[in-house]
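**Student:** Chain residues, written in single-letter form:
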Amino acid sequence: MESMRDIKRRINSVRNTQKITNAMKMVAAARLRRAQELAEKARPFFNKTREILYNVSLYTKDFIEHPLFYDSGGKRHLYLVINSDRGLCGSYNINVIEKARSSFQPDEEISLIVLGRNARDYFRKMDYNIISEYINIPDYPDYWFARRIADELISLFRERMVDRVSLIYTHFNSPISQTAKVIPLLPLTVLDKPEEEEKKNYDYLYEPSPDAVFDVLLPSYINNILYSALLEAKASEFGAVMTAMDSATENAEDLIGELTLRYNRARQSAITTEIAEIVGGAEALK
Amino acid sequence: MSSTIKLEIVTPAGKKYSGEIEYLRVPAMDGEIGILPGHTPLVTGLKIGLLEIKKGTERLVIPISEGFIEVTPGNINVVVRTAELPEEIDVERARRAKERAEKRLNGLNGEEVGLEYIDYVRARAALERALARLKAAETNGR
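As given, the protein sequences belong to chains A and B, one line each in that order.
Note that the numbering used here gives residue 75 to position 75 of the first sequence, counting from 1, and the numbers run on in steps of one.
For the numbering used here, count along the second sequence from 1 and bump the result up by 286.
Next up, chain A with everything else stripped away, as it sits in the complex (with noise of 0.2 angstroms):
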């Protein structure tokens, strides 16, 4: 039987394991309404550059032609996951994990650039080729954190040191629910047609030549790729946060509310125990 005191420092202890919990949610609760609301405005902005490289690759031969439309068909296979520093975040990580090692095909040959703390240290346990590795990922990732990942990829790719390059992050549904996803980068292929689009028919000009435009164009397409991305990444990573803190803030009030329970009936077995001993005293005096 645990003694009185022992109960209370422990309901003390889940208390204070509960204010942590509770504040961590508060604060994920804040970034991640920061974060949506930057993945949100950055929205129109990709969907603009994706639109025109769109439009601009219905109607120009020249496009495939672009070095990074070359598809060799080898099987070097650079994954870029996206992953985060901190613990504490439900499934946030492993899922990302678990959905880079289902896409490893076997007769790949696989290298890695990770960003998070949490991938660095798990694929690099498990012996996978890590090109280069970023952690201490800002909050809320600026323009330059993206195009700095942008440009290796992409210079990688140019150098033929790889042969295809897959980004792996998460997908922000809603707060409550996110979603680990694989989505090919590298070589670009013909766009998939972009929702609500009128049938346009340009004869672009091109200043001062195509290549220089696809130059500028496709590198950008891809930074603002991995920039919404980011982003969204960031956004699920809060979202975790503040479900998994929800639910531990919850488990601690069951918690307490058990161990409430056991301290009241050890206290009101104490009070039995010396009702019944002033009792049997009173009966001895007799």
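Hints listed in this document are in silico derivations from the structure and should not be mistaken for laboratory results.
Here a beta-carbon is modelled for each residue, glycine too, at the ideal position from N, C-alpha and C.
Only true hints are included.
Keeping only pairs whose Cα atoms sit at most 25 angstroms apart, straight-line, the calculated DSS-like set for lysine-lysine is:
| no. | chain 1 | residue 1 | chain 2 | residue 2 |
| --- | --- | --- | --- | --- |
| 1 | B | Lys421 | B | Lys302 |
| 2 | B | Lys384 | B | Lys333 |
| 3 | B | Lys302 | A | Lys41 |
| 4 | B | Lys301 | B | Lys421 |
| 5 | A | Lys41 | B | Lys333 |
| 6 | B | Lys301 | A | Lys41 |
| 7 | A | Lys75 | A | Lys181 |
| 8 | A | Lys41 | A | Lys181 |
| 9 | B | Lys292 | A | Lys41 |
One-sided and incomplete, this derived list gives chain A residues near chain B with beta-carbon spacing under 10 angstroms:
| no. | residue |
| --- | --- |
| 10 | Ile52 |
| 11 | Val213 |
| 12 | Leu217 |
Once you have looked at the hints, place chain B on chain A.
**Tutor:** For chain B alone, coordinates are given in the frame of chain A:
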């Protein structure tokens, strides 16, 4: 042919400008270009610099960062990394950014000490952006 054309400027921070305009001048990859309604369809890259809009007697100068422009018969789409409306330009901040970027570039001074290529690009871009902002603030203020 209509005498105005619809212009949209989008950045990662949202849609910055949307409206009918009469004339647009942008810093394209290989020099400044002016666009009037009825311009032939065009796609080109943009450099950091000043974008100028004319509409009636109104004249608006917006500093932009690199990106690209698409001109179709009815629309102009400008997709750039940053664009600042006159009320958003913080002159003081731009001046500080200019000094900072200059210092960083001067520290480099021919020798590639410590600075990675992207840092150099970034400092260059920061300098150009700051200059464009200052110039825009000056022009709009007149």
